[in-house]
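All chains, full assembly: derive it from the sequences and hints.
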Amino acid sequence: MANQFNINVDGVDYQIEAEPDMPLLYALTNDLEHKGPKFGCGLAQCGACTVIHEGVAIRSCVTPVSAVTGKVRTLDGIGTTENPHPLQKAFIQSEAGQCQYCINGWIMTSLAFLEQNPKRTDAEIRDALAGLKCRCGTHMAILRAVRSAADEMAG
Amino acid sequence: MLIESLNNLKIARRDLLINAMKGGGALVLGFNLPGSALFAADSSAALPGARKLDPARLDTWIAINKKGDVTAYWGKMDMGQGVDTAISQMVAEELDVKIEKVTVLFGDTYVMTDQGGASGSSGVSNSGVALREAAAEARQVLLEKASTLMNLPVDKLTVIDGVIQEQGNSTHTLSYGDIIGDKLFNVPLEWNGEIGNELELKSRAKLKDPANYKVVGTSVGRKDITGKIIPKTRFTVHSRVPGMLHGRMIRPPSAGATIVSVDKDSIAHIPGVQVVVEKDFIGVVAPKEWDAIRASRALKVNWDETKSGFPTTSEKLHDYIRKATADKSEVPENIGDVDAALASNKKPMEVEYEWPFQSHARMAASVGLADVKVESGGTVWTDSQKFYDTAICTAKMLGLKAEGEQIPVRSIWGPGPGSYGRSDSADGVLDAVVLSKAVGAPVRVQWMRNEGIAWDPKGPASVINMRAAIGEDGKVSAWHFHLKGFSRQDVSSREHSPSETLAGQLLGHTRKRNWTMSEPANSYGFANKRYSWDAIKPLRDMGSPLRTSHFRDPYGAEIHFAVESFVDEMAYSTGMDPVAFRLQYLTEQRDIDVIKAVADLAQWQPRTAARKQKNANGMLVGTGISYAQRNASVNAVIAEVEVNPQTGRVWVKRFFVGSDYGLIINPFTLDRTIEGNLIQGTSRTLFEEVKFDEKTVHSVDWATYPIVEVADAPEEVKIVKINRPELGPKGAGEPVTRVVPAAIANAVFDATGIRFRKAPLTAARVKAALDAAV
Ligand code: FES
Ligand code: FES
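Line by line, the protein sequences give chains Y and E. Just so you know, our numbering puts 104 at position 96 of the first sequence, and the rest follows in order with no gaps. Just so you know, our numbering puts 324 at position 332 of the second sequence, and the rest follows in order with no gaps.
These are calculated hints, taken from the structure and not from any lab test. Possibly wrong hints are sitting among the right ones.
With a Cα cut of at most 16 Å, we get these calculated EDC-like pairs of lysine to aspartate or glutamate [claimed, not checked]: (1) Lys645/E / Glu708/E; (2) Lys315/E / Glu346/E; (3) Lys521/E / Asp533/E; (4) Lys645/E / Asp130/Y; (5) Lys224/E / Asp130/Y; (6) Lys224/E / Asp159/Y; (7) Lys58/E / Glu182/E; (8) Lys97/Y / Asp159/Y; (9) Lys750/E / Glu307/E; (10) Lys521/E / Glu325/E; (11) Lys687/E / Glu270/E; (12) Lys224/E / Glu41/Y.
Note that the coordinates shown come from a computational prediction; the quantities given were computed from them, not determined experimentally.
What follows is the structure, encoded as structure tokens:
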């Protein structure tokens, strides 16, 4: 039976009608029409669907909508064209990503990490991003972008 | 916004344009093209007004509005390598307008002429060059019009940023917008009569001298990227239309299993699901996506597996290939007398290299939306890189007219995960067509992860036999390259016919076998030389998860892994340094130049045997070189590797690249494209192998088909690019990929003294070889 769920995404409250086991990703892409989180694997193996839930980067493709109790942040909510987030700015300037399908995962995972660990080494960045996939092989530019955003975020 | 507005279009632009032309031409209809459709679009760009899709008309290619904004209509698409940006640079340059004034629109078969889709790194080198001619012609026409209006000969006029002025009199001016703004040019343009990659245009005007370039050669930022990172851009995965249903496919438990019966009651508990079964095609549709997914998992299907499966396994594949009967053989190149040279040689060399099936394994599996009817056709939304063929194939699927100007199916391309050749991108949308036709509603199909790896067309597996005769003088007197493997077009790289798609094959469409193989591309001047190949049948005839097709640089990685590893083997066998050996035999200057450039960049240390050095951390370290031409581009790569003697893990710590792509349009974005090729090439060299047994494919996700991880990214990539403006731009999308595998294998040889002739060089394989060598 479909149930009603209240979720708070990027500061806005939504009421979603869904099966309890429906992953959050489908609410974000179908009900909210968000463009950031994307379906990559549905198996928690790639990160394309990453959002931040109560400060923690989670894979929305395997998170049942019924388990979402706290505030959700998505790539759609972290910056605007006029006022991009430092990570968005750095990814644009570094031309990180080709098809850009994976980029949501890299930015949101980096964001959760850098907010907790403003002082970080390159090795720590690589560790924090482990498991994310980029089939276009743009890891060099992604790492450059994350390093440069980290510098800006650390001030 | 986009999809809805498109849906409201009552008349296709093509009809409007043709009617406008019939009505006397120059009138602008003010037809509001949903420019946003064209995913490159910037809403401030010029709307096209009335144009006719006739390649021999300038208006088909270029439009200019009153503000002087230029719109170029491009018949390919960009997969994230900045091709549309490069083309906007070429158009801005030739028209003498600022880069900000140019928008390149693409991605709609009813709005742009077919320039062949993404294909063989030809975006800039073919289609961009054609648009450059169109831009030059537009400038010429504008100068001629200004000449009349200003009462001055053309050679007394100059153009500065879209404003024509009398030479030496900056007060006497006319802008492009003043002259043509929102009106048609209404002039012919020389066209070579071809459609697709071969389409060429020719301006009456002389092209600009590269010495005067202002925009070409500069690092203009990619125009598409902001909308994807501040996520506003609608990818194909976001396509939605009113009344749309969600579709999911059901795949058989073994390759080629056929449907006996379907128990629809097994999903009776899921609301609104319809099951579509036609021959061996089976899918479900439901109003809600999650319900479609649940239904596809719960549906009980009774399969007949008596004739399913494969005659071999991934473990035994290469012996199977060796023993298989060749169905077609060719000798594309045969210079001198190889057999005699080999027969008279005391110690001829002969070795074999093996490459597995590989999956495009896109970041996400196929997605497509179809809104079609048997009577009337309709629209498909796809991220297929051959989206013109998607329209043709859809029309054929519906039994409608599929040729000429008025194909009743419109194909709208949108960004998707990188596709790298004939991936599964073409298949999901045709599944959607079959489902939409069956249920009479628009259907969006998203393939699941397993389908995107197990069921995409594969890069072909092969065995390559290399032979050489080296005389007592140390000179190579003969070499023979022989490729045996699967066709690189078991399904065509263009999905123009149902039989070339998975859906079509499951519905029983058959086709003639297509044998396409490849040969090495280099300029070694060995005295006697032969290239030959044997193509063998696919492991299953139709509807197979191991059907093969183009995977980024078709056969390039496989072939040059063998060829460039073998060149190293020849060098060492003659006691020569691999760089010096190559330089001794190469005959083309561009090839020599990239090798010298990369050797300098990497500070190459000559050696005549594997050095087997260890660093302070106990890692085995080495460097290796490789090089290849591709079409008119040439690249050399040096890899510096660390091999962990405990685990066998290979890590490329540094890559050095020497490249020559003729005229460089955008150096920054070109570097990013090279890096992407290096890392994807690394992934294919070290990790990727499709696993299957007699039943079916077992590489179904990122755990069972591992690819490169961020830990595997090099510490550094250094690139030196040789710019050759006189040659014009050459393809850059994929040529580095083929150079990577041998660069890594040659570096691993330098580090370990072990020659790896089987890809991928997984940690387990390397570790086993290290242990065996002790
Ligand atoms: S889509 Fe969620 S991790 Fe891949
Ligand atoms: S940019 Fe294409 S998958 Fe990462």
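So, going through the hints one by one against the coordinates:
A C-alpha spacing of about 7 Å is found between Lys645/E and Glu708/E, which places the hinted pair at or below 16 Å, so the restraint holds. Between Lys315/E and Glu346/E, the direct Cα distance comes to roughly 14 Å. Compliance with the 16 Å bound is thereby established for this hinted pair. Proximity of Lys521/E to Asp533/E is assessed by CA-CA distance (about 34 Å); at most 16 Å being required, the pair is judged violated. With a C-alpha separation of about 14 Å, the suggested pairing of Lys645/E with Asp130/Y holds against the 16 Å cut-off.
The suggested pairing of Lys224/E with Asp130/Y is violated, with an alpha-carbon distance near 31 Å, which exceeds 16 Å. Restraint check: the Cα-Cα separation between Lys224/E and Asp159/Y comes to about 26 Å, which exceeds 16 Å; the hinted pair is violated. Taking the CA atoms of Lys58/E and Glu182/E, the gap is about 26 Å. The hint is violated against a cut of 16 Å. Distance hint between Lys97/Y and Asp159/Y is fulfilled; the C-alpha atoms sit about 12 Å from each other, no more than 16 Å.
Annotation: proposed proximity of Lys750/E to Glu307/E holds, straight-line Cα distance about 12 Å (limit 16 Å). The straight-line distance between the Cα atoms of Lys521/E and Glu325/E is roughly 8 Å, inside the 16 Å bound, and the hint therefore holds. For the hint pairing Lys687/E with Glu270/E, the CA-to-CA distance comes to about 23 Å; that exceeds 16 Å, so the pair is violated. For the proposed pair Lys224/E and Glu41/Y, the alpha carbon gap of about 10 Å is at most 16 Å, so the pair holds.
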